[in-house]
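**Student:** Here are the chains, one letter per residue:
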Amino acid sequence: MAENLYGLLAEFDGPDELLKAAKDAYADGYRKMDAYSPMPIHDLSESMGYDKHRVPIIVLICALLGASSGFGLQYWVSVIDYPLNVGGRPLLSWPSFIPVTFELGVLFSAFGALIGMLILNGLPRPYHPVFNVPNFERASGDGFFLCIEAEDSKFDISETRAFLESLKAKKVDDVEP
Amino acid sequence: MGSPAPIKDPTMPAPVLGPGQTYTTVTQKLSAIITSRTPLGWIAAMLIAGAILQLLMLSATWLLIKGTGIWGLNIPVGWGWAIINFVWWIGIGHAGTLISAILLLMRQQWRNSINRFAEAMTIFAVMCAGMFPLLHTGRPWVAAYWLLPYPNTMSVWPQFRSPLIWDVFAVGTYFTVSLIFWYLGLIPDFATLRDKAKHKISQIIYGVLSMGWRGSAKHWFNYEMASLLLAGVSTPLVLSVHSIVSLDFSVGLIPGWHATIFPPYFVAGAVYAGFAMVLTLGLPIRYFYGLHDYITDRHLNNMGKVMLATGLIVAYGYAMEQFFAWYSASPYEGYMMQNRTFGPYSGTYWSLILCNVAIPQLLWIKQVRLSPLGLFIISMFINVGMWLERFIIVVTSLHRDFMPSSWDMYHSTPWDWGLYAGTIGFFLFMMILFIRVMPVINIFEIRQLVANKSEHAETASADD
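Chain order of the listed sequences is A and V. Counting with this note's numbering, you get residues 1 to 177 for the letters of the first sequence. Counting with this note's numbering, you get residues 178 to 641 for the letters of the second sequence.
The shape of chain A in the complex, shown without the other chains:
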């Protein structure tokens, strides 16, 4: 039976209860788990060991890429491919290239933030096993859930269920894969 399950989904009363349950489950040795809430809860992800920020480095790389391609484009156009003598000014009049360089840096970093976030989160993902739990639609409204996944080495259907219930879960559901 346990092999066919994605995991167990426990519902909690509110953000504080969910945060406490996540901390307890992590302290108890569970690692493959995730919490679901209708709004961000401070410290929740960190309390489950997911605390490395990777979006910033993506955004930084994109910003540098955008700015350098912006400057490179203007250099190539104004100096190499289409040199125009405007009042005897130098072809590489770099101060006037700053605005476009800056704008493209911002543009690329904004794409980096959105797409980086989506990739790190594995989105778009239309199907996910937790959606099989009928009550789960409240995770986007007023439901607070903790899911311990069957892949976890410590997972045992009856023990984990008992453990979740001991954390004062309102309800524990099986999650079909």
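The set of hints was computed from the structure by calculation and includes no laboratory data. Be aware that one or more of the hints could be misleading.
Said to hold, decoys possible - Dumping the calculated SDA-like pairs for lysine to any residue here, alpha-carbon to alpha-carbon at most 25 Å:
#, chain 1, residue 1, chain 2, residue 2
1, V, 375, V, 213
2, V, 482, V, 441
3, V, 377, A, 128
4, V, 543, V, 486
5, V, 395, A, 126
6, A, 23, A, 60
7, A, 168, A, 56
8, V, 395, A, 118
9, A, 171, V, 199
10, V, 395, A, 142
11, A, 32, A, 153
12, V, 630, A, 14
13, A, 32, A, 142
14, V, 206, V, 615
15, A, 171, A, 26
16, A, 20, V, 199
17, V, 395, A, 91
18, A, 20, V, 625
19, A, 23, A, 52
20, V, 395, A, 80
21, A, 23, A, 138
22, A, 52, V, 357
23, A, 171, A, 29
24, A, 171, A, 27
25, A, 171, V, 482
26, A, 52, A, 125
27, V, 395, A, 167
28, V, 395, A, 98
29, A, 20, A, 156
30, A, 20, V, 401
31, V, 377, A, 171
32, V, 395, A, 88
33, V, 630, A, 17
34, V, 206, A, 138
35, A, 170, V, 199
Please build the complex by placing chain V on the supplied structure of chain A, with the hints as guidance.
**Tutor:** The following block gives chain V in isolation, referenced to the frame of chain A:
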């Protein structure tokens, strides 16, 4: 929550959220605006806005057939309403980014209930703004090669030393980044709508838009960092956009344009105009949808204060323009200012001072800042005043420049009015459509406010 209302502490600001709100009520109330039956008032508003929108279709079509000669442009006034309206619209957009980005970085919680529609306003305002320079080219389809760098058969490239090209990049980036920021904020709310929608088709549409968002803690972890960074890059962006718009003028040598104060003065004016438009739109939405628990007195008060502060910066800008004209000792600058203040357009100038400097001083009074009607009327004056400001900058500087032999008066035509009114119709149409299909208030951020509030309530009761 059922406890009696606490005694008002005069040192504490009014709450950002009405009493008695829970996660359930917030979700219900805010998603019901979309999932409930279409109100008749909405259909009526849509019809009116749609009718005004037809003016845009008509004016744009006739313009493309006949060319820009149907407008009141002449030489010396080669930049007329198109540029005035462009700057006006783009300025209006700035409040959205200010509210969503700068106030996020400053951790101002009162932004949460107004940021969504302010961002929507930004996007639609930038769309309206973008139409004017494109249509001003007369033949937008031919203009592409000198606006955008792409390898074309003529082997020519844009002139990157010109502020007009910076403008293309600034406005293009601004529009794209605003759209990204807006969409990022909407993803969790689309998930709410996906789960609340009753109709199969709307479930599928919101499901696709939400990208399978499930509110996982790991998602939120990356999500919050992404929105923080977006706010971080949008903040210098929004300041750069209107600075670059102002460089369109101040890089030129025309009297009245060639001034170093233009970038900060334009940015302050943009925020001023933007907050006025947020109030112009927000107050009716608040009234018709009964959102008083989400857009509270605290919001009105704060928006009034922001308008007062930016209005004073703008007033300082007007004063400095007068000062520069005198201090520069340039006869052209001096004449321009004398002509602006007492010449044929002096009526417009003094109306501008009335709308943008005199009337907003009423915002010093707290009762005015807390009165929706008072704020609405003042915001209307500012909307008009900011338009007049751009009219004054564009027309009074151009119509009498260095050579008296080239002086002329500028007269707008019905087609100028038609296109301008048409974009207002477009803007209203898009806003009204937006209210009906997307959450007008950021639902998940309001839930955060609920969470913070119960936390504070707990600490307060623990202190007792």
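**Student:** Within 25 Å, alpha carbon to alpha carbon, are residue 395 of chain V and residue 91 of chain A?
**Tutor:** violated (49 Å)
**Student:** Does residue 125 of chain A sit within 25 Å of residue 52 of chain A, going by the straight-line distance between their CA atoms?
**Tutor:** Given pair residue 52 of chain A, residue 125 of chain A holds - Cα atoms ~22 Å apart, limit 25 Å.
**Student:** Is the straight-line distance between the alpha-carbon of residue 375 of chain V and that of residue 213 of chain V 25 Å or less?
**Tutor:** holds (9 Å)
**Student:** Holds or violated: residue 32 of chain A and residue 142 of chain A, Cα atoms, limit 25 Å.
**Tutor:** With a Cα-Cα distance of about 24 Å, the restraint between residue 32 of chain A and residue 142 of chain A holds, given a limit of 25 Å.
**Student:** Mind checking the alpha carbons of residue 377 of chain V and residue 128 of chain A for me, to see if they're no more than 25 Å apart?
**Tutor:** holds (19 Å)
**Student:** Can the restraint linking residue 170 of chain A and residue 199 of chain V be considered satisfied, given a maximum Cα separation of 25 Å?
**Tutor:** holds (18 Å)
**Student:** Straight-line Cα separation of residue 23 of chain A and residue 52 of chain A no greater than 25 Å?
**Tutor:** It holds: about 17 Å lies between the C-alpha atoms, which stays within 25 Å.
**Student:** Is the hinted pair residue 171 of chain A and residue 482 of chain V satisfied, with a Cα-Cα distance of at most 25 Å?
**Tutor:** violated (48 Å)
**Student:** Quick one, are residue 395 of chain V and residue 126 of chain A close enough, alpha carbons at most 25 Å?
**Tutor:** holds (17 Å)
**Student:** Just to be careful, I want the Cα atoms of residue 20 of chain A and residue 625 of chain V compared with a cutoff of 25 Å; is the pair within it?
**Tutor:** holds (18 Å)
**Student:** Holds or violated: are the alpha carbons of residue 482 of chain V and residue 441 of chain V at most 25 Å from each other?
**Tutor:** The given pair, whose Cα atoms are some 19 Å apart, holds under the 25 Å limit.
**Student:** Hinted pair, alpha-carbon criterion (25 Å max): residue 171 of chain A, residue 29 of chain A. Please report holds or violated.
**Tutor:** Since the Cα atoms of residue 171 of chain A and residue 29 of chain A sit roughly 21 Å apart, the hinted pair holds (cutoff 25 Å).
Going down the numbered hints, you'll see the structure goes against 6, 7, 17, 20, 25, 28, 31, 32, while the others check out.
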